[in-house]
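There are 4 protein chains.
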Amino acid sequence: MSRKLRFGMIGGGRGAFIGAVHRIAAQMDGQAELVAGAFSADPDRSRASGADLFLAPDRVYGSFDEMATAEAARPAADRLDFVVIVTPNHQHFAPAKRFLEAGFAVVCDKPATFSLAEAVELRRIVDTTGQLFALTHNYTGNAMVRQARALIRSGAIGPVRKVLVEYSQGWLSTHLEATDQKQAAWRTDPARAGAAGCVGDIGTHAENLARFLTGLRITELCADLTTFVPGRALDDDANILLRYEGGAKGVLHCSQICVGDENALNIRVYGETGGLEWHQEHPNELIVKHPDRPREIWRRGNAYVGPEAAALTRIPPGHPEGYLEAFANIYREVFRALRADLAGEPRPADVEFPTIEDGVEGMAFIDAVVHSHGAWVPLPRA
Amino acid sequence: MSRKLRFGMIGGGRGAFIGAVHRIAAQMDGQAELVAGAFSADPDRSRASGADLFLAPDRVYGSFDEMATAEAARPAADRLDFVVIVTPNHQHFAPAKRFLEAGFAVVCDKPATFSLAEAVELRRIVDTTGQLFALTHNYTGNAMVRQARALIRSGAIGPVRKVLVEYSQGWLSTHLEATDQKQAAWRTDPARAGAAGCVGDIGTHAENLARFLTGLRITELCADLTTFVPGRALDDDANILLRYEGGAKGVLHCSQICVGDENALNIRVYGETGGLEWHQEHPNELIVKHPDRPREIWRRGNAYVGPEAAALTRIPPGHPEGYLEAFANIYREVFRALRADLAGEPRPADVEFPTIEDGVEGMAFIDAVVHSHGAWVPLPRA
Amino acid sequence: MSRKLRFGMIGGGRGAFIGAVHRIAAQMDGQAELVAGAFSADPDRSRASGADLFLAPDRVYGSFDEMATAEAARPAADRLDFVVIVTPNHQHFAPAKRFLEAGFAVVCDKPATFSLAEAVELRRIVDTTGQLFALTHNYTGNAMVRQARALIRSGAIGPVRKVLVEYSQGWLSTHLEATDQKQAAWRTDPARAGAAGCVGDIGTHAENLARFLTGLRITELCADLTTFVPGRALDDDANILLRYEGGAKGVLHCSQICVGDENALNIRVYGETGGLEWHQEHPNELIVKHPDRPREIWRRGNAYVGPEAAALTRIPPGHPEGYLEAFANIYREVFRALRADLAGEPRPADVEFPTIEDGVEGMAFIDAVVHSHGAWVPLPRA
Amino acid sequence: MSRKLRFGMIGGGRGAFIGAVHRIAAQMDGQAELVAGAFSADPDRSRASGADLFLAPDRVYGSFDEMATAEAARPAADRLDFVVIVTPNHQHFAPAKRFLEAGFAVVCDKPATFSLAEAVELRRIVDTTGQLFALTHNYTGNAMVRQARALIRSGAIGPVRKVLVEYSQGWLSTHLEATDQKQAAWRTDPARAGAAGCVGDIGTHAENLARFLTGLRITELCADLTTFVPGRALDDDANILLRYEGGAKGVLHCSQICVGDENALNIRVYGETGGLEWHQEHPNELIVKHPDRPREIWRRGNAYVGPEAAALTRIPPGHPEGYLEAFANIYREVFRALRADLAGEPRPADVEFPTIEDGVEGMAFIDAVVHSHGAWVPLPRA
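Chains as they are written, first to last, in this note's numbering: chain H, 103 to 484; chain Y, 103 to 484; chain W, 103 to 484; chain V, 103 to 484.
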C-alpha cells in the first residue's frame, strides 16, 4: 500500500504533553500523517490546536462524537486509517468504543480505561469489532528492552527468580495540583484518573515492563500505598511485594514524591544463571551479568545485538536514541499490523505491540493494588 | 505562514545513512514535508527511493540539475522552500551552488565542501544570492550543549583556559572499505572525502563543538596524523595540540580505529573559576564543576535550565532525548529563520544554526591539520 | 596515653575472611597492635595462624577461655586493651560474655549474637560490666555515609518520607555450601548462622545503615522470605515492606541469589525537600537531589564536606578510599572512646560507633522478619 | 624469616601528606613496622612527629645523616631493614645515596630525583651497592592495572596503536602557594620541585602508567607547557603528543588548573583487536572493548580475574579497594623481594615493583618535555 496512513487525534491540544509525543512518534518514520482531530472539548481551543498543526479547518472538530460521524462519512480515498486517544483516563473508553464501532483502528494512551470493568468491556468491543487496538506502553518499544526480552526467552539467564522494578519521580512532592498545572490536576483527581494516582500513572508502566520482559504474570501482591502530600486524594507512593507464577518473587515500587527523581524507571531481572539490568534514563545500554565472567554492556545498534532490537533501531551505536524513538517503535509495529489489516492480509508473525490484553492486565493490577491495604491479594486473570 | 514547509533532498537514497536522519529531523515537529528528491545518480535507485517515501513520481529526479530546473518551474503554491544535500563531500558544492542560484534555501551536511577553496567560493555564492544556507553540525543542537554555551557566556566558569575535545570511533579499525560497506568506502576515498579522512568526518565536529561552546577560534595547531590500517589512503587517527586566541590551550584527538568506541564525542572546558563536561553518548546531562562546592549534574528539561536549552527541548526531564532530537533542533532553528525570510521579515534575534561561516572555518581547520605534519601551523581566517 | 593499644583476636585464623579485615582495619592508623589470639578451635591451626602473624607463641591459644584466663593474669604493662571477636554468629555470645566479665573491652562482628534473647542478655552484661562493646556495622564508617547523616540531621532534605535500601549479592546463587567453601557453609547453616540466612548476613547491614542515616526506627514490617536454592535451609532472598515511626515508608530487599551482583548495598532517602543516594560500591560519592536545582555529587575529602565526614577521611579527594578505610573508621572511633575509658576520662562528646543497642535492634529486626511470613508484624523495642 | 620488617622514614612529619600514606601502606599487611625516623629538618618537629607515632625517642632523629650513622651502628637484631624517603624532590638523592651506601634498602617517593643527572647517578649507586631501591609509582599497584597489563601482554587487544593518558587536577587553579599551603609551596618551587611542576608531580605518573601497561617506550614527544596562574614559576598544564616505539601514537595531558578535577588519572589503550580503559577514581573496574561483542566490565576480586591481579587483592569483589591498598601493593611486592634479599635467596620470578630504571625513565621524560618548547624531541634511553 503505497501511501501514508492517515490518522486523527482525540485530545492533545494546546498545553497537553502526551499529544505532541504521539504526533512525533506516529509520524517519525514518514509512514503516517495527522489529518484530523478533536483536540479539546473546548471548540475554540480545538480549532486553534488544529491550526497550529496546519490541519484543514474542516477536519478539526469540537468533540470526538462529531469527528467520528463526520470522518466515517468521508470517502475511502481520504478516510482516516486510525485514531489516537490521548485524553485523561476517564475519557478513554467512550471515544475508543465510538471509533472502534465506527470501523476505525484505535491507538490509546495508557492506562487503558478508568476502571477494570471498562477495560473488560473494551476488550469485548475490540474482539467484536475486530479492529486493531493498541495501548502505548511505550517503554516496551525500547530496542534494548526488546533485547532483554529476547535474552530471557532464549534462556540466557535461566528461569527467572527475582524481579526488581521501580518507577520513581519527584514532580508531585508538593501540592502542585493546587496551582494550575494541568498535568498534575487530572492525575491527582479521582474523577479523572481513576482509583489510583501514582500506581495508575507510572506503576502500570512498571508492571507492564516487568511482564513484557519476563513473560510472567503476578499471581498475588501485597501493596502499601501512601499519600504523602497533604490535601491529595490519591496515592503518590506505593511499595508492593510481588509473587509470580512459577515461584519468582519481586518488588515493585513507584513514587511521585521522590524529590529530584525524574523518570527513574529501572528494572533488574535475575534468573538461575544470569541477571539483566535496564535503566530508562540510559536506554541504549543493557547490563548483562554472569556468574563467572565479566558483566557486559550491550549497546544498541551493534551487530551483536539480535534482530528483535535491530528492527527497532534507526541510527548507529553511540548516537543515542531516546524516549521518542521508543515511542515511535510502538507505532512502527502498529503500522506493520495495520497495513496488513488494511490489505486484508495476515499480520506479520513477529509483530509486537501492547494490546487491550495489556490494558486489562494493567487495570487488574491497579484494582488489586488499591484493594490490598497491606495484605496479600490475588491477581486473577480478568 | 500557516502551512508546512516543502523540501527536496539530494542524495540519501536506499542504503544511505544520513539521508534518513535528515528526513526524520526535518519533519519531527510537523513543520516541514519532503515532497521531492534526486536520491541517487542512478535514476532507478532514485525512483525506488522516492516510492519508499511515498513521493509523487513526477517529483523524483535522476539528477540534482534536472530537479533544480523542474522545481524552479513549479508554481509558487507547491514550490520547494528548501533543499537538503546529503551526498558525499565531493558532491556538496555543485548542488549547493545550483540551488542557491536558483533561489532555494539550502541545508547541507558537513563538512561544507570538498576543499577550503570550494568553501570560500560557496560563501561568496551564499552572500551574493542572499539565500539561507545551513550546515548540519548537529551536535550543537543538543539542549545541554546550548546550556553549556550559555553558562560560559554568562561567565560561570570565568575566562577559558583549557579545552579537551575528542571524537573516538572504532568502526574503521579494520580495512572495512575493502568490503562493499558504502559508508566506509567514500569516507576513506580521497576523491570523494577530500584531503582528510577521520579529521574531515568527525574531527570537524569536534572543532565545531569546541568553537561553538567557547566562542574561541584556534590560532595555531600542531597535528600528528596517522593511517593505521594498511591499504588506507587517508588518516584514520589524529592527535592535535591547539592554541586559542586569548591564550587558552587545548587538545583535540579523533580516531576511527579505537576499537569498541562508537561515537565518543566528549568535551571538557575549564575556565578560571569552573569547568564543564559534556558527553555526546549521554547528552541529557551536563557536568558543572566548581572550585569550592559539589559538582553538579544539570539535566535537560528541568526548570533550572536556561531558556537557550529549554527552547530546544521537547519532552520532560528524565525522558531522554537523543541524536535525532538534537538534529531536529538544527532544523527547528533553520525553520524559524526561513519562515521569517519567506515572510520578508527580519529573522528572530536569537536564532542560531551553523552557517557557511562554520563551513569555511571547518575547511580551514582541515586544511591546517593536513598541512601541519607535526609542526605548528597558523589557522588564519579564510 | 602514649602507646599503641594491644588487642587479641577470637577466630579469624587461616582461611577466614573477616579476621584479616579486622586486623588491617584495627591497625591501619598505627594506633593498635595485635599481640594475642585464639584463632581457631583447632590448636594447631590457631598456632599456625599466630605464626603467620608474627605473634609470640605463648600468646596464641587453643580456646577463647584459655586465652581469657591467661591474658587476665598478665601484668598491666602488656595486658590486652581489647578483644576482637570474628567467629561465626553462634560463637559471639560466649566469648563476648567471658571477656567482658574478665574486664576487657570487646569489638564484635555482626550480627551481635545468635538470637535476640542472647543479644538482650549481652546488653545486660555490657551494662553491668561497664566495658566498651562495639559492633562492626562497618558501612556506617564510610565518610560519605556520615555526611549523608549530617545532612539529614541538619534538615537539608526535610522530614524523611521514603527509604529504599537494598543489599544484593549473587555468590550463593548455586548450592555453594555443598562444596567445601567455608564462608558459604556456616552462613547457610541454621546451627551456626541463626534463624536467618541472607537477612542475618546482609539484611542487618541494610537495616542498620537506614537507621543510622535517618535516625528512624522501623515500627512494623511485612517480609516475604524465599529460599531459592534447593537443599538450602535458610532464606537466600528477602523482600520487606517497612513502616517507620513518624510515618515514613520504606522497602528493604536483600538477596544472595542475584547473579553477578557483588556487594550492592545501596540506599536512597527522600525527604519533603530533598533526596540522598549512596552506593557502597562507589562510596566516595554522595548524590544529593533538590526539587529546583541540579543534583549534586558530593565527593569525599573536599573542603565543602562537613566535619563528621572529614574526621573519617585519610587522603585527599579523588584518591578513593574503600571498604577497609571505612572499617578502620569504626576502630578509629572505638579507640577514641577506649583511650578515654582507659584514662578514666569522659568519652569525647562526638564519638560514634555501633554498640550493643545496634546489636539488639538488629536481632529484633531479624526476629520480626522471620516471624512475618508475609504479614505485618510490629518491631517493638527489645 | 618469621618477623616483621623494620623501617625508618625520612620526611613525613606533622603536616605532611604522603608520609602518612607510606606508613599506612607499608604496615597494612602486618609485614613491617615503623621504628625510626628523621621526620623533619626541625628536630623539635621531628621529635613531636615520632611521639605521635609512638616511636622510642632514641630512634627519632634530627637529620637523615644522624639517623644513618646511628641506625647503622645498631645491632642486627633491631637494625632497620629499609628506609622510606618522602621528602620533596630536591631531597631524594642525598638520603637515598647515604642509606644505600650504608647498606639499607630504600623505598623512595616519585619522581626519583631533582634532575635527570641525579637519577642516572642514583642508578649507578643502586647498581654498585646492590641494594634494593623501589620507587612508589603507586598506581601500578592497582589490581586492575595489573589485569590490564596482563591482558595486553596476552595479546587480548593485539598490537597497541593508540594510548590516551591523562592526569587532571584542579587544586592549583589559583595562586595557592601564596598562602601557607605546604603541599602547594614546594611543588611550585623550582628549587625544590625541579624543572617541571605539573609534569613532574603528576605527568610522570601518567607516563609511568602508560609504559607499565603497554610495555612501550616513547621515542619522541612534542609538548606544549603552560603556566596559567600568574606569579607561578613552573608549568601547571601540559599537552603532549607521543610517538611510541613500534609506531603507536599517543596523547598525554596533565593539568593542575582543571577546576573541580581531583585525581582524574585515566588511561585508554587501543590495539588492533581491542581496547582497554581504566579510571583511577573508579579503580576496581576495568573496561574491555571488543570489535564484535559487548564491552565488558572486569571487576576486581572475581574468579575470572587473572593471577597478577588476584595476588594484589585483599577483599572480595564489590567491596572497593582504593588508593591505599594499591599503594600497599607496591610495598607487598617490595617485601617479597626484600625478604628474599635478606635471606640470601633469589627474588621470586614474578616480583614486580617500580625501580630506579623507572626513575630514570621518568626523569628523562621530564627532561624531554621541558626542552620540547612545542617541537618534537627524542626521548633517548638515559
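No wet-lab data here; the hints were simulated from the structure. Keep in mind that this is a model prediction, so the values were computed, not measured. Yeah, the Cβ is synthetic: ideal placement off N, Cα and C, and Gly gets one too. Treat the hints with care, since some could be wrong.
Here's a subset of chain W near chain Y, in silico, CB distances under 7 Å, partners left out [said to hold, decoys possible]:
1) R200
2) I227
3) F314
4) P396
5) R397
6) E398
7) Y406
Quick list of in silico lysine-lysine cross-link-like pairs, DSS-like style, CA-CA up to 30 Å [as the list claims (entries may be wrong)]:
8) K106/H - K199/H
9) K106/V - K199/V
10) K284/V - K199/W
11) K284/Y - K106/H
Evaluation of the provided hints:
| no. | hint | result |
| --- | --- | --- |
| 1 | R200 | violated (48 Å) |
| 2 | I227 | violated (45 Å) |
| 3 | F314 | violated (22 Å) |
| 4 | P396 | holds (4 Å) |
| 5 | R397 | holds (5 Å) |
| 6 | E398 | holds (4 Å) |
| 7 | Y406 | holds (5 Å) |
| 8 | K106/H - K199/H | holds (25 Å) |
| 9 | K106/V - K199/V | holds (25 Å) |
| 10 | K284/V - K199/W | violated (49 Å) |
| 11 | K284/Y - K106/H | holds (29 Å) |
Consistency note: the structure conflicts with the earlier hints numbered 1, 2, 3 and 10.
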